[in-house]
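For reference, the chains in residue letters:
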Amino acid sequence: MTEKGQGKHQDSEIHIVNPRVYLAIFITLLFMTALTTGISFIDLGVFNAVIALAIACFKASLVVLFFMHIHYSSRLLKLTVAAGLFTFMLLISLTMTDYISRAWGMF
Amino acid sequence: MDSQSIATTPQELDGAALPHAHDHPSFMRHHFENIGQQREAASFGMWVFLLTEIMFFGGLFCAYLIFRNWYHPAFVAGSNMLNITLGTTNTAVLIGSSFTMAMAVYSAEMRRQGQLILFLVLTILLGFVFLGIKGVEWTTEYQEQHVPGINFSIQEFVHPTNPKAIPLAPDMAQKTQLYFFLYFTMTGMHALHMIIGIGILFFLVARASKGAFTTGHVMPIENFGLYWHFVDIIWIFLFPLLYLISRYR
Chain H
1 MTEKGQGKHQ DSEIHIVNPR VYLAIFITLL FMTALTTGIS FIDLGVFNAV IALAIACFKA
61 SLVVLFFMHI HYSSRLLKLT VAAGLFTFML LISLTMTDYI SRAWGMF
Chain E
108 MDSQSIATTP QELDGAALPH AHDHPSFMRH HFENIGQQRE AASFGMWVFL LTEIMFFGGL
168 FCAYLIFRNW YHPAFVAGSN MLNITLGTTN TAVLIGSSFT MAMAVYSAEM RRQGQLILFL
228 VLTILLGFVF LGIKGVEWTT EYQEQHVPGI NFSIQEFVHP TNPKAIPLAP DMAQKTQLYF
288 FLYFTMTGMH ALHMIIGIGI LFFLVARASK GAFTTGHVMP IENFGLYWHF VDIIWIFLFP
348 LLYLISRYR
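The listed protein sequences derive, respectively, from chains H and E. Heads up: the first sequence begins at 1 in this note's numbering, then just goes up one per residue. Heads up: the second sequence begins at 108 in this note's numbering, then just goes up one per residue.
If you're looking for bench data, these hints aren't it; they were derived computationally from the structure. Warning: the hint list may mix true and false statements.
Across the chosen pairs, the derived CB separations fall in these ranges [claimed, not checked]:
1. 295/E x 99/H: 24 to 32 Å
2. 179/E x 58/H: 21 to 29 Å
3. 179/E x 31/H: 24 to 32 Å
4. 91/H x 322/E: 23 to 31 Å
5. 236/E x 28/H: 18 to 26 Å
6. 199/E x 87/H: 27 to 35 Å
7. 99/H x 322/E: 50 to 58 Å
8. 310/E x 103/H: 32 to 40 Å
9. 318/E x 18/H: 18 to 26 Å
10. 322/E x 100/H: 51 to 59 Å
11. 236/E x 39/H: 24 to 32 Å
12. 152/E x 91/H: 42 to 50 Å
13. 30/H x 292/E: 42 to 50 Å
14. 266/E x 72/H: 51 to 59 Å
Chain E stretches covered by chain H per the calculated footprint, using a threshold of three residues with CB under 8 Å from any CB of chain H [claimed, not checked]:
15. 141-155
16. 164-174
Computed far set for chain H versus chain E, every beta-carbon distance over 10 Å [as the list claims (entries may be wrong)]:
17. 36
18. 97
19. 101
20. 104
On a predicted model such as this, the values are computed, not experimentally measured, just so you know. Using N, Cα and C, we set each Cβ at its ideal position, and we do this for glycine too.
With the sequences and hints as input, model every part of the structure.
Have a look at this one:
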């Protein structure tokens with residue numbers, strides 16, 4: 001078996017994540033779910049939406065980084081994920097810019 | 108020799124010595140230099156697919172964002188018709204299934220066949236629990252006449268029974284249909300992804316029970332794990348948007 005290869009292209013070492021890491025992430029995700037539901041019953045005005053989405057982004061980041069192994073992955077994969085999120089934010093921003101400015105000066 | 112090597116290196120057919128003498132595992136394709144490179148390419152391909160999925164759900168999230176700003180009172184009224192207990196339970200169930208799937212990937216890496224099958228079956232079970240709870244919610248919404256186009260009434264929004272609710276004018280009450288339309292589309296597309304995922308899981312369990320993924324060939328399990336976690340992430344955003352951010356307080 002030459003699983004180590006011929007010395008080239010070794011930028012993709014296979015990393016086996018410790019199950020304790022998975023367990024810690026799992027418990028954190030459950031805690032954040034309880035937290036976000038609890039906070040939704042308190043009146044914080046506009047910050048209800050801000051906090052709920054911030055917690056959702058935090059949870060999603062944990063899933064991407066650890067369950068989906070991006071934390072341990074090569075730069076190519078990190079860049080792929082970043083490029084996707086960037087493109088998504090770009091499309092949302094451009095759409096919002098259009099909706100915000102379309103009736104500009106007409107009201 | 109696998110089918111690809113026959114197609115790409117026909118000179119091997121005349122009985123000449125195999126140039127690479129099979130010093131690599133059988134699941135490694137010949138156009139890759141090593142297993143690491145093959146896994147990297149597979150993960151990259153899977154992520155590119157997931158990015159198209161982000162764009163697909165992204166359109167729905169964008170529509171939700173715009174209409175929630177336009178018809179805010181209707182979206183608040185619609186959101187309060189959902190059952191927050193069932194929603195929170197389902198979030199926990201789905202996070203649990205993501206955890207069992209992550210453990211399945213670990214089991215495959217460690218080449219433990221029994222453990223791999225156990226975690227895959229647990230993932231299937233949790234997937235069914237999620238769909239079951241979602242089914243209960245949809246049934247309730249049908250009975251309460253909150254399904255646009257099939258069984259819908261603005262009665263509850265014009266004359267609310269909840270003392271905290273603000274009665275809506277009939278034209279704004281009609282806009283709750285838009286909230287429920289987005290709710291059913293988003294949770295429906297999410298559920299469809301889960302049904303497809305559970306179907307693939309059954310296939311993976313069948314293959315895993317023949318020992319297909321405990322020889323170092325972790326890639327199919329790993330890539331399915333990426334898909335399953337992606338579906339989890341979609342729910343992580345659907346849950347606050349649909350259930351949490353518009354509660355009456």
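Checklist entry - In ascending order, which of the hints set out earlier in this document are inconsistent with the structure? => result When the structure is compared with the hints, numbers 4, 8, 12, 13 and 17 turn out to be violated.
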